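These protein sequence lines map, in sequence, to chains A and B. If you use the UniProt record's numbering, the first sequence corresponds to residues 1 to 500, in order. If you use the UniProt record's numbering, the second sequence corresponds to residues 1 to 506, in order.
The set of hints was computed from the structure by calculation and includes no laboratory data. Note that the coordinates shown come from a computational prediction; the quantities given were computed from them, not determined experimentally. A portion of the hints provided could be inaccurate.
Claimed, not checked - DSS-like, lysine-lysine: derived pairs with alpha carbons at most 30 Å apart: (1) A:LYS139 / B:LYS140; (2) B:LYS255 / A:LYS143; (3) A:LYS139 / B:LYS79; (4) B:LYS471 / A:LYS143; (5) A:LYS139 / B:LYS158; (6) A:LYS490 / B:LYS140; (7) A:LYS139 / B:LYS267; (8) B:LYS140 / A:LYS265; (9) A:LYS87 / B:LYS140; (10) B:LYS117 / A:LYS79; (11) A:LYS410 / B:LYS158; (12) A:LYS139 / B:LYS117; (13) B:LYS92 / A:LYS139; (14) B:LYS471 / A:LYS435; (15) A:LYS470 / B:LYS151; (16) B:LYS151 / A:LYS87; (17) B:LYS140 / A:LYS91.
Claimed, not checked - Listed below are several chain A residues computed to face chain B (Cβ distance under 10 Å; list not exhaustive): (18) ASP138; (19) GLY479; (20) ASN495.
The C-beta atom is built at its ideal place from N, Cα and C for all residues, glycine as well.
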Amino acid sequence: MSSTFTYNFDTPTYKGVSTVPTGLFINGKFVDPVEKGTLDVVNPVNGKVLTSVAAGTAADIEIAAQAAKKAYKERWGLKVPGTERGKMLNKLADLLEANLDEFAALEALNVGKAFNMARIMDVGGAVGVLRYYAGWADKIQGKTIETNELKMAYTRHEPIGVVGAIIPWNFPLAMLSWKIAPALAAGNTIVLKPSELTPLTALRLCPLLVEAGFPDGVINIVSGYGSIAGQAISENMIIEKVAFTGSTLVGRKVMEAAAKSNLKKVTLELGGKSPSIIFDDVDLEQAVKWVGHGIFLNHGQACTAGSRIFVQEGIYDAFMKKFAEHASSLKLGDPFAPDTYQGPQVSQGQFERIMGYIKSGKEEGATVHIGGERHGDEGYFIQPTIFTDCKPDMKIVREEIFGPVAAVIKFTTEEEAIEQANDTLYGLACSVFTKDINRAIRVAHSIEAGTAWVNCSNIPDVGVPFGGFKQSGIGRELGEYALENYTNVKAVHINTGMCL
Amino acid sequence: MASLSARIVIRATNRELEIPTGLFIDNQFVPSVDSASEPIQAVNPSTEEPICSVVAGSAKDIDIAVAAARKAFNTTWGKNVTGFERSKLLNKLADLMERDQDILAEVESLNNGKPVKIARDFDIGDSIQCLRYYAGWADKITGQTIEVDNKTKLAFTKHDPIGVCGQIIPWNYPINMWAWKVGPALACGCTIVMKPSELTPLTALMLSKLIAEAGFPPGVVNTIPSLGSVGGAALSAHMGVDKVAFTGSTVTGRKIMEAAAKSNLKKVSLELGGKSPQIVFESADLDQAANWACLGILYNTGQDCTAGSRLYVQDTVYDKFISLLVPKAKELVIGDGFDEKSGGGPVVSKTQFDKVWRYIESGSAQGAKLALGGQKRPGKGFFVDPTIFTDINANMDIVRDEIFGPVLSVGRFKTEEEAISLANDTSYGLGAGLHSNDANQCMRVSSALEAGTVWVNQYNLLNNNVPFGGKKQSGIGRELGSYALEEYTSVKAVHWNFGEKLDWPL
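Just chain A, same shape as in the assembly (with noise of 0.2 Å):
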């Protein structure tokens, strides 16, 4: 196995030559995995291989934790004040941002998403979140609490020690600035596995974790699959703590695995069904951009996707005849090409997966609007594909799809759109589209989501906490919110004056 793989970018948006290093990144060298394992990595454009990389099991997911415990105790953790590791986040941000145009490359070429929304979205959005927890780093503040002149009491808020970060392959580098920035800002160490499917600019920011100063050991970016390391991360006995973001299905094995092994604290970003809520008083021509934007954005690959649209009856019509026309202008295309807005599916088991529930969407008696079929017949492509005449027990209302298909159903009054939205197991997020300011609140305060998008979707801000209700998730990531998930408090109490 190559120790490197090389790539040409020759493209109409992006041209130059990406060197990725293969190997398994632990204690700051490349080494290969104790059982020499390896996985392929496809182009989901046209199905290729596109190279092979080291593939982790749990002997070196356990070589990973000695060697994050040892740097935590030697050069990590509480050694290394807060301004420190603020400014080695800073750095890093520097370099990504140097970098910026190859890591888009890579990622679009591995995930197949467009490359001029890789440049903002995925690697502009990771140097925006290296940066605002770089700030956070010599801020993280504990309290001293009155209880009486004879004891002093005081709060401090210490780094747990080792963390473990499962990361999907959606949105693959931002996913990652998400679990490395808040947990290296607090003080921990880390070994994280990227997606079996999407490892490249995981493994591609290793010499950028070097350059940027911080000491062997501190960051460990273990490759694997999922069902081996992620599954050895989160059974492993030195790891306090997991940070896991993928499918509902999998996060219950994690946390299983947690509670089995050393009751390591867990945090689970998950999966959602999220409603958006269109009600008849829109600004119509907004209204469809932002609902388009809520399910097709990512091909639809989103865990907020908002999947569920519920149209009030009065603009119903007009609503999906805009929708409608707005979907079918949706370019398809290779994801170097400048005006492409749309990619591949990320995998061979994903575009099944997703065919499957169109299929189903057919056979339970839904209304193909547009779409429904393969786009090509090369590749992952699928069709932007609106279903019309949902039931509340159809699997593509209940279940999620994580594909471009979006299922619509009409509504009355706004409690009837409440009640049915609240109707599924999951609780991530939700839109609301009015321009009643008073309904807007009312309704964005019933729906039992983590985040509430009114007159928006899918816009996140690294300043705001970002998390699931119901079995969309455990912890809030983003904002100030997620230094929580990465600090254990101590209660010191000093006897000042007590005696018994």
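Keeping the supplied structure of chain A fixed, place chain B upon it in accordance with the hints.
Structure of chain B alone, referenced to chain A:
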């Protein structure tokens, strides 16, 4: 018309440079609109030679600067710029300061007298960190949402920038005090009219150049060197300034607060004088305590608002401690800032020099004993050597008044209660230090000392993320840490009714 730049030659480092000498308004260096305005002469306190002169602003120039700051606040700054942008610019400013740290250190030393290495590693090093620290806060200014009645009202607070801030800074740490003021104000979205000290205007003007280079929009930071009684007074009384922040003497602080009250009730924060005590208990590591005591009174040649200028030593260890303290204090070499050997520089001006000597003379005249110092140095330069008085009593001027020089008054005590009482017997309350190995005693005494900063087994060392300010007549408000943000924020509470219909008449 006065020239808007000057050529300075620093002989000791063979450096020649041009520094701006005009008023800095709207990112440009300009002359005063007042032709009668006499320029300010910047002097080298080690040689008593003039360095160059800078334009002095008049009240009319302050008006123009305030108008520029207001315009920027309404158009390109304030709520018109995101926290993310403000963060970026502050980080850029820190980078530029780091790039120019050697030049800035030399000019700081030339004008203020402090050793170059200290200026670079401590004053400027800390200032760079301070700007970076506040860059990190800029996009994290959060209010609260508050539970009132879920059926009818959404209540929340917004932390708005206060607006146009007048900032008046002293001559003892020109660059560092500039950073302490500029960092939080800009992070919160305020615009600034800065009046650097008339004694040390040069580095503030050089830093203004960096403000423009970093990309801050014109008018966000304006710099008007001027006499305190002119520019400082104008800012304090100005109807267009929303807040004034002042660091300097308590005497001037009162005038500023009065002017604020009489004009538009602008918000005021004050960082004033101190007569900070250090207490050495018998369980202390005496050698260490002596080191910290020296640092406390001799750092920056005693020209520090938290200077540990009173020292109380427990009877049982008094003689031993004094025998450690005096030789250590003697070791500090006061000399030219460009001399490698200098651990401290001259005091900043003739006025300060004369004031310090008046106190030294009064100490002897009022019956205190000189354990060290007392010899005036002949020749050029405002050099004052470490001076220690013992056998003091609470009524002596050297014990009550802030001297702002390397002059220490040492007293003794028997009990902890007595020490606390002596330490607190002052109208000031800026800093205090205690040295003890008895943990419970440390807790009791630190609790009892009436000071905004209490050091336990340490002195003088601050951190950008820990708040700093005075109790009693040492000041109002806090700088540094997250607390500084409160000084530059105005809280607006919004009550948003979305469900209540009002019956009328009630």
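Okay, the hints, checked on the actual structure:
no.	hint	result
1	A:LYS139 / B:LYS140	holds, 11 Å
2	B:LYS255 / A:LYS143	violated, 36 Å
3	A:LYS139 / B:LYS79	holds, 24 Å
4	B:LYS471 / A:LYS143	holds, 21 Å
5	A:LYS139 / B:LYS158	holds, 21 Å
6	A:LYS490 / B:LYS140	holds, 24 Å
7	A:LYS139 / B:LYS267	holds, 26 Å
8	B:LYS140 / A:LYS265	holds, 26 Å
9	A:LYS87 / B:LYS140	holds, 17 Å
10	B:LYS117 / A:LYS79	holds, 27 Å
11	A:LYS410 / B:LYS158	violated, 38 Å
12	A:LYS139 / B:LYS117	holds, 29 Å
13	B:LYS92 / A:LYS139	holds, 20 Å
14	B:LYS471 / A:LYS435	violated, 52 Å
15	A:LYS470 / B:LYS151	holds, 23 Å
16	B:LYS151 / A:LYS87	violated, 46 Å
17	B:LYS140 / A:LYS91	holds, 20 Å
18	ASP138	holds, 5 Å
19	GLY479	holds, 8 Å
20	ASN495	holds, 8 Å
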